[in-house]
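Novice: So the sequences go chain by chain: B, E, R and H. Numbering of the first sequence is given in full-length UniProt numbering, commencing with residue 1 and proceeding in unit increments. Numbering of the second sequence is given in full-length UniProt numbering, commencing with residue 1 and proceeding in unit increments. Numbering of the third sequence is given in full-length UniProt numbering, commencing with residue 1 and proceeding in unit increments. Numbering of the fourth sequence is given in full-length UniProt numbering, commencing with residue 1 and proceeding in unit increments.
In case anyone wonders, no lab produced these hints; they're calculated from the structure. Take these hints with a grain of salt, some might be off.
As the list claims (entries may be wrong) - Straight-line C-alpha distance at most 35 Å; calculated DSBU-like pairs for lysine-lysine:
1. H:Lys266 <-> E:Lys18
2. E:Lys22 <-> B:Lys254
3. E:Lys254 <-> H:Lys302
4. B:Lys18 <-> H:Lys238
5. R:Lys232 <-> R:Lys74
6. E:Lys22 <-> R:Lys141
7. H:Lys53 <-> H:Lys180
8. H:Lys150 <-> H:Lys48
9. H:Lys302 <-> H:Lys266
10. H:Lys305 <-> H:Lys266
11. H:Lys305 <-> B:Lys22
12. B:Lys254 <-> R:Lys180
13. R:Lys232 <-> E:Lys18
14. H:Lys21 <-> H:Lys232
15. H:Lys52 <-> H:Lys74
16. R:Lys302 <-> E:Lys18
17. B:Lys18 <-> R:Lys266
18. E:Lys254 <-> H:Lys305
19. H:Lys266 <-> E:Lys254
20. R:Lys266 <-> H:Lys52
21. E:Lys254 <-> H:Lys150
22. B:Lys205 <-> R:Lys266
23. R:Lys21 <-> B:Lys254
24. H:Lys53 <-> E:Lys22
25. R:Lys266 <-> H:Lys282
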Amino acid sequence: MDFDFSDDQEQLRDAVRKWVDKGYDFDRRRAIVAAGGFDRAAYGEMADLGLTGLYVSEEHGGMGMGPTEAMVTMEELGRGIVLEPLTQTLICSATLQTHAPAALQAAWLPRMAAGEAIVVLAQQERGARYQLNRCAALASESGGAWTVSGTKSVVAVGDQADAFVVPATVNGQIALFLVERNASGVSTQAYGTQDGSRAAEVVMKQAQAQLITLNGLAALEEAVDIGIACTCAEAVGVMDKTLAITVDYMNTRKQFGVNIASFQALRHRVADMKMQLELGRSMSYYASLKLHAPADERRRALARAKYQLGVSMRFIGQQAVQLHGGIAVTDEYIASHYFKKLTQLDMTFGDTLHQLGEVSARMQETAGVFA
Amino acid sequence: MDFDFSDDQEQLRDAVRKWVDKGYDFDRRRAIVAAGGFDRAAYGEMADLGLTGLYVSEEHGGMGMGPTEAMVTMEELGRGIVLEPLTQTLICSATLQTHAPAALQAAWLPRMAAGEAIVVLAQQERGARYQLNRCAALASESGGAWTVSGTKSVVAVGDQADAFVVPATVNGQIALFLVERNASGVSTQAYGTQDGSRAAEVVMKQAQAQLITLNGLAALEEAVDIGIACTCAEAVGVMDKTLAITVDYMNTRKQFGVNIASFQALRHRVADMKMQLELGRSMSYYASLKLHAPADERRRALARAKYQLGVSMRFIGQQAVQLHGGIAVTDEYIASHYFKKLTQLDMTFGDTLHQLGEVSARMQETAGVFA
Amino acid sequence: MDLAFTPDELAFRDEIRTWVKANLPSDISQKVHAAMRLTREDMQRWAKILGKKGWLGWGWPTQFGGPGWTAVQKHLFEEECALAGAPRVVPFGPVMVAPVIMAFGNAEQQQRFLPGIASGEVWWSQGYSEPGSGSDLASLKTRAERVGDKYIVNGQKTWTTLGQYGEWIFCLVRTSTEGKPQTGISFLLIDMKSPGITVRPIKLLDGECEVNEVWFDNVEVPAENLVGEENKGWNYAKHLLAHERTNIADVNRAKRELERLKRIAKAEGVYDDMRFRDEIAKLEVDIVALEMLVLRVLSAEKSGKNSLDIAGLLKIKGSEIQQRYTELMMQAAGPFALPFIFEAMDAGWQGNFPGGVVANAPLAANYFNMRKTTIYGGSNEVQRNIVAQTVLG
Amino acid sequence: MDLAFTPDELAFRDEIRTWVKANLPSDISQKVHAAMRLTREDMQRWAKILGKKGWLGWGWPTQFGGPGWTAVQKHLFEEECALAGAPRVVPFGPVMVAPVIMAFGNAEQQQRFLPGIASGEVWWSQGYSEPGSGSDLASLKTRAERVGDKYIVNGQKTWTTLGQYGEWIFCLVRTSTEGKPQTGISFLLIDMKSPGITVRPIKLLDGECEVNEVWFDNVEVPAENLVGEENKGWNYAKHLLAHERTNIADVNRAKRELERLKRIAKAEGVYDDMRFRDEIAKLEVDIVALEMLVLRVLSAEKSGKNSLDIAGLLKIKGSEIQQRYTELMMQAAGPFALPFIFEAMDAGWQGNFPGGVVANAPLAANYFNMRKTTIYGGSNEVQRNIVAQTVLG
């Protein structure tokens, strides 16, 4: 039982933080939002830091790191509310590495690690909400070649990605496929999302696909759990910075002749925000450290974590705005963007009520970190 | 639309309040608790005020009043956390008057109005929790005479009452009966309850019974709704006094050299208590004013009201203790008794979660006071 | 005690209902029901329709051309408008400045300004808040210096709602720095076309420009535009706040929006999900309780008995409810509320809305926008201070 | 980073588990698991068993006869005891006064007092709070006047937990009224058999007498019973608070009680009611999050890196969780938690429990009792002040 970070992990954190502070400031971010919410150059800089290959084995040109390094990285990206979707890269590189045939791995992982190819998860469907076991997209095989048909919604950088990891149904079972964006039959419609990032609808009509695994539901649950762990870590970074911004403001803003930080009712609110931050941080650790647990235990833990982070994000986001007052509802001021990011993260990979359902359904007689 | 009380109603309120303040002070109440939680003499004094006949028609020796007068009365009894169960009397007198055959009415209502006979509702069963439509007690008829067998739990003053209004199943349908405590086959086991009042288990073995109505579930729901309205009003009185006691204490108790009423975090808590009190009071009005609405509308309204009162009671009770500090967890100090009363009232006639279920199940497209 | 409205009140309501149904343009009500974007023209069109009928100043006494309605009648009017999907009347003219002019303005000011307000011809804005003066309004710094028969105004106002459309603005300005901060404030009416006024819209987190900064650079204001006495403006503003009693709760809109929430929940398949449905049920109870609170205030006003000093509670609960229904609407759509397309909030947009139905387009924006409600109009923290004061002394 | 305990830590846990299983009397653990009433004899029997093994002072260093365990080992020991249903060790001797005597007492005091504490022979009480000094402890008024080689103590303490059983009491007393209130306080050890001491149990809202008032009427205390220096007692008390780090969260007991809550919910038929079950699920997440917070503190203590100053958070969340599980247990039984029968909380009571099972007897009493947890040990309001100070300055 040890929650210290290794020296290597601390160095990774420093490197990412330095890039975020110096290379991804609020002005650059604003420009990226205005330009559509995704910047391939910024993504390339993350690749130069090795982040895109974080989960990729050294054999395939990556760093061969694990969930703790991913957590450290996502926290720092969260601190800068970075728009480029490293979570997607981590999900898809892990999924390919764990479940795809060797040839598919060799074709994609080195390019993903280098930041040359972007692969994202395209799992969401209109009829499924947050349920992973509902999948209307269909796959079929003919002469050893697969095609996929269906529509996936709110796919991160869907019009910029090079390929998608796509769940589709085969004989009533969900399988996972890789579909290239340039494949015939694939079309996308892109748009901005709440937090200023980019997403798209992806329509596939008998699009050429490569099979990753027929045991798709288990792989998809694993993929989404990796996404949840990344999202939890990212949320911790966003919340940590949100609280810091709020504290700075309260120690500067004067009303009735004194800093608003001197009002006890507001001070107690800050104490409650600190509580939610530390509970959230604790559960983010828990999420990452349970990623390699057996599937049942992993699912239970990740649902608990995302539930806690959902509660924490809602409270910290809403209270940060409230404690600031009017300034925090302006686009000009940075706090509103942190708030919107927290809002969107809650609705990513299952919101608080959804996760509560998962926790409730998976309760056992005992409880606790090790149960 | 008018929420003013008539002069008669104000006079009734004054009379009850005067009796509570002068005739039912904390010392007397403490003595009654120590003696078992029920005092027939105190009940008799309430009868002298006309309260036991409040719902009984003048023809039967009562006051022929309605829900507003009942509400006014129960608020004042709540203010004094009076132990004697007038709610039960109101429920049973209304039920008999509305549903019982004339002979049964003539036999009981005048004596109930005079305070000579106490009749209480005995509906709760171990397997039913708060569900009214579950009833294991059985009734059977033989030669025009009914008997009832079953066990009813937590019956208010069950060993002191003269008779019970009892739901029992006949051919799969719930009917309502009147069973006298002295009837052969009836036994009771009495005990104190959380709030210091008295209750009992009532066991009936082929006890002689008189039929009130075969349409028992509807009558029972109506009876419990009357009980809910009384409980809401009583809760308002308890909460009102609880807040007043807390405010007094905060303006007296010094810590760090100043009255604790000067701390902003505590002041905001008091503002939130006031909010819960006024929301609760509003919904108590609503409950009483909807008692004569059609059954569906009445059920929906009463569930909404009890839900709100449950939320209000929990918050006000818990916060009153917290704002007081240690003194409020002593038996000696009055605040703890108000807290316990609020706790028990929440679990009377369906707690907050139960009522939420009722509200949820009865939602319609529109909403609002008149919907 | 009676929950029902009187036959007269019900007849009044029917009259309003019939008239609103006949006169509210359906293109406007459709936008309101779908929470789509309203243009200046939409808002002013409805204001002028009301103005023509004599109802834009629905709270006005007859002596100033108002209908002279009772508190209950005003409430019923507001309710019928809200449920029918009428836009909220921009309050700065008819609800905010007009009562001050009636109570404290001179006859000349009344004749000059009230008709344009009553008809909906003149768009008024409010100039209260300043960058340094939010909850602590009395610390405002915008100076008005008397020079001959004019005031020279210098300073900055902010959070001026819809100020980009404003033709006139009523301002609290500092005319004296002596004594307590409250005592040196005056109430001034300023033509927004005056030289030296600059208006800059502020983009908010929902992408809309609902509020503005307004700069005053040596703006000349005729002294005749001073309302009442110099340095007494704080009292007039407080009088004005007293006119915001029940309407501040916005319970009628909440009822309409609860219905919309239920429609959205059904469309998104979560209305029968017990967890989500319970959240709606809790909100429904909140709204009924708030409505009862409002009705109690109205009853107290009607009879003059049992007066209720609970404006703070109405503001707190009303604003929390507004935030909650927008939050639940967004959560109902969940992932399909993530797309954020500015144009999709224009009624009639023909784009292909991603991931869901066009009705989802405003959900996130509405949620973001409503964060303001617990901040403005006296933040909920200030309201709690006030409520605590009434309870604890 | 690693969630798992080390093999050494796991081996240690197994050793503890085996020993506890073999040595914890089952009549006592049954009472604890059922939340039945514990007698003085129950508590002391277990204390002496621990004392004989050398584990009653489980936090003590080896130089004073303790096991010299690491922070993690202490935690594992506490966890095993809690999960097995051991009574909480009455902390006033081994956890509270002993560390002060070790750190600030002289050798004579250490030799005189520590053995009786370590063995469980001597029952200690705490004399801090006074009627006028709750959250504002520094305002305490109990006087100790130095007269020759004695102190004469006059005043009153209150909320003295289990003081009716106490043989010795450690007190904060005022020895000077000069300077700040904190500077005139001394730390005194007092024999409770001394003439002039009166103990009066206070009946609490759950019907139990868990705390006491203690009066001092010209009580003579040998000057050699002063710990450390006169007027420095406040610092020693603060030192003591620093020893209450993770244990204050009581997360191990919470885990045990969550299991009990689930058993009760099943017995009462609400475990599969989604609404009730969701409340359990939320609590379960709370407990896991709290446990992670505790483990983070332990890890920081172990390595000396990333030290975490979050004792306030542990107190707040831990106490809220304790309140919540007792509340949910009561609500699970609902109407069948209403009977309130004092004797039914004695294990083995043979009465016919009304309306339900005897296991329901303690539910309401436990709920009532736990209201104290957010008040004592520094109220949660004081804790929030402290947390805010660390965040905001």
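Novice: Failing hints, ascending?
Specialist: 1, 2, 3, 4, 6, 7, 9, 10, 13, 14, 17, 18, 19, 20, 23, 24
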